[in-house]
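Number of protein chains: 2
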Amino acid sequence: MKIDKPRQYVVDNLKYVLNPSSIAVVGASRYPVKVGYKAVEGLITWGYKGKIYPVNPRADEIQGLKAYKTVKDIPYPVDLVYIAVPAHLVKMVLEDVVEKKAKVVVISTSAFKEIGRGDLQDQLTEFCRKNKLPLVGPNLVGMGSPYLDFDCGFVPYLPVAGPIGMISQSGANLVAAIGSSEAMHLGMSFFVGLGNKADVDFSEFILYGKEDKYTKCLATYIEGLDSPEAFISACRDTVPHKPVVAIKVGGSKIGIKAAFAHTASENEGTDDAHYDKIFEKAGAIRATTWQEFLDIALALGTQPPLKGDNIVMITNGGGSGLLSCDHFERMGMPMKELNQISPMLGFKIRAYMPMFGSPLNPVDISGTANATQYKGAITQAIRDANVDALYVSICPTAMTSIEEITDVILEVYNTHKHLGKPFVMECQGGNECYDAIRKFRDAGVPAYPTAEQGVNALIALRKYARIKEKFSKQK
Amino acid sequence: MKIDKPRQYVVDNLKYVLNPSSIAVVGASRYPVKVGYKAVEGLITWGYKGKIYPVNPRADEIQGLKAYKTVKDIPYPVDLVYIAVPAHLVKMVLEDVVEKKAKVVVISTSAFKEIGRGDLQDQLTEFCRKNKLPLVGPNLVGMGSPYLDFDCGFVPYLPVAGPIGMISQSGANLVAAIGSSEAMHLGMSFFVGLGNKADVDFSEFILYGKEDKYTKCLATYIEGLDSPEAFISACRDTVPHKPVVAIKVGGSKIGIKAAFAHTASENEGTDDAHYDKIFEKAGAIRATTWQEFLDIALALGTQPPLKGDNIVMITNGGGSGLLSCDHFERMGMPMKELNQISPMLGFKIRAYMPMFGSPLNPVDISGTANATQYKGAITQAIRDANVDALYVSICPTAMTSIEEITDVILEVYNTHKHLGKPFVMECQGGNECYDAIRKFRDAGVPAYPTAEQGVNALIALRKYARIKEKFSKQK
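Chains as they are written, first to last, in our numbering: chain A, 32 to 506; chain B, 32 to 506.
Keep in mind the hints are simulated off the structure, nothing from the lab.
Please note that the accuracy of each hint is not assured.
For chains that are exact copies, the list does not tell them apart, and a pair is met inside one copy or across any two.
[Claimed, not checked] With a Cα cut of at most 27 Å, we get these calculated DSS-like pairs of lysine-lysine:
#1 Lys367 with Lys284
#2 Lys288 with Lys379
#3 Lys97 with Lys288
#4 Lys65 with Lys82
#5 Lys367 with Lys288
#6 Lys288 with Lys406
#7 Lys122 with Lys312
#8 Lys131 with Lys161
Quick caveat: nothing in here was measured; it's all calculated off a predicted structure.
Just chain A, with the same shape it has in the complex:
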């Protein structure tokens, strides 16, 4: 439901959504197929360190924990109440929650506005707002943080720890992102599903992320903004300090209906251009595809802004170089030739490539390049005062030790990190390349399996440098 601006009492209390000392799970169930079972199970399995109070009027014990008949019956303070009971029972539970003076409430239950019961949902919102009880949901998948071993809801993974704070309206896509995190080491600081966002909105979680010490980048998956002004205001406060990435779906004709059915998002009359304007005002960086969304969030969370256009690409594969320079031009940010960037750099790099390598840009140090040649070429480029960023690609050949080259690149990267130059990797090939990508990501270097993904990452870093400058001045 619409808000004019982010509410401070909500922002202040969101720490109890993502880092509560105690949780009551209402609708905690003895049946493994139930959400109320999964929620308790997840908390235990992932190692939640606070107190868990199952609430179930017909059980004394749930998964080895003492159960309570109602929230009011819990004799200890409760930070967060997680509700997984049928829709018609939610209001009654909320009355108990208010009486108990819990800090926040999360409603997992579906079957509200998304199936036409907006009236029922609005009653809950009004009740919570009147009582200054921040409500997250309903119709949401859960939330958590790998830094706290905290996974509440029915997300079947914890992400690997990292810089991205992910705020998603879609449960399935949030789970997909967290799955990518498991499989491809996309590091997250926290994640939260918003569902129908009856009360708490994007803006408030963005402001929470702005202050969260683990979060370096906010990534927002949006099906519809009820409160664009609040979103813009929260972003403008945030982007001088941390980048905000946004993907907006449901803009297609058929998508408008589907988004309503999914998370009750109202998109009539708001086309893609409408959202382009909102994101521009907000200083948020918009991604088009899901892959791009994840890819640029990773880069923005790990690397400094890209302050100029002088990107040097070093590769042992001419083909990856060509895919990259074509994509840079296609995206409106063509690469410069090496001698335009720095007249002597080509000669310096020449020493680290065979005669048939190519000291243009992309610099092709050739398929025979070994770790020493990578080290030499990258060191020359990163130390050059005219070079703003490095894009390094490894393509396996029978001559290439991916592992050795990965280690040497990380060594050079760590030695020169203080220079504040963005460093992006591409490693295209088989399983050993995916291993290298995970290793790079664990070390804070955004790495990708295709050339165009790395290019998108660098373009986003350039966009963020401009946004940071512009919005810092306006403060």
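Chain A is already provided as a structure; the job is to place chain B on it using the hints.
Just chain B, lined up with the frame of chain A:
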């Protein structure tokens, strides 16, 4: 070097490049860092079943095989001569090859036209053409086929067996594709690097693939076409039977120089629109990014053409549905509503979803969907006479057994395969989703980790139906 049309003597002899009974490796080396060592090692390691004759004037034995001083000294017939000696020695070897009456020659050696020695390269071409000896290369990475356990050159993997015949000018990108094949089960029938393509050209390998029984789709990575007319002619002969996918790189300003330095490709004055026209005339389907190239080749190699626009998407994740319908519209092929496709289908599918599921299109059978509900919904849709194709997505939730659902979907797919309706999968999430993707791919179902990739696959299948119809008529 330019040809006017594909040459029959070349096409006929290309079977000796991809399925030779005997290979002489000239420059076979005792030093593991040398290409000539790797080539012999690869043949042995991957299980090549023909004869291997190492040629080295200073060795009696290479890797346990008897070595010969020259090609002429080999006392047995030789199908293929693989050359890995320095550039200035190649001509001398070729004279021996002609005298030996080998069927084809492959030159791995670099440092010809790509470093300005076009004169030297042209001499080789002229010599081979005069002697009707097809020459593949120079400056190429190798070739092979998983069906024959054949990997010749320095590609460090064999792909998994499958439908794609991959013809690539870039070595590094060919290796990347084969690496993807290992990691993500992108099935290939054969692969070949063309390098500088001094003699044998795309067109001739396309015609080889047209007849090859394992090949269902030709995938071509192009840095520059010397002989566009021959390419067009070969494609027009092929596309009534098998689809041809093309990616063309080196069209950016800086890419033109880089493509020349890489594979001596001449692209001055040929912009992207120029190649669009060539591909349109040829009936080849153009991919923009590397990922799209691999993704659509997989779909075109495994699924029938998509004969109409009535695509039904079934998903348990509203978010993946939204990403998909937005992407369909963005790509100019908007989805239709379910009741437009078939008035009763929504009611029939309703039985397989909870009340809060959504029988629009995409059909959201909700995050609680189990294998039975997937089976029911898909069966209803695939049997509906108005439905042209199925796009099915699985998003993990704590309620979802990816494995069980995967198995049931494959069961429904196999039961209804005879209907000839394209079937594409998306499975977004963690490691278990990547496992499911590999399982689907092994069963001939193109499956992808993001929604937009699956959409691109379906669009390519629709394009191919139009191309097949058009070019079949013109025959």
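Each hint tested on the structure:
| no. | hint | verdict |
| --- | --- | --- |
| 1 | Lys367 with Lys284 | between (40 Å within a copy, 10 Å between copies) |
| 2 | Lys288 with Lys379 | between (58 Å within a copy, 20 Å between copies) |
| 3 | Lys97 with Lys288 | neither (44 Å within a copy, 72 Å between copies) |
| 4 | Lys65 with Lys82 | within (21 Å within a copy, 63 Å between copies) |
| 5 | Lys367 with Lys288 | between (45 Å within a copy, 12 Å between copies) |
| 6 | Lys288 with Lys406 | between (53 Å within a copy, 25 Å between copies) |
| 7 | Lys122 with Lys312 | neither (37 Å within a copy, 65 Å between copies) |
| 8 | Lys131 with Lys161 | within (15 Å within a copy, 93 Å between copies) |
In summary, the structure is inconsistent with hints 3 and 7 from the numbered list given earlier, while agreeing with the others.
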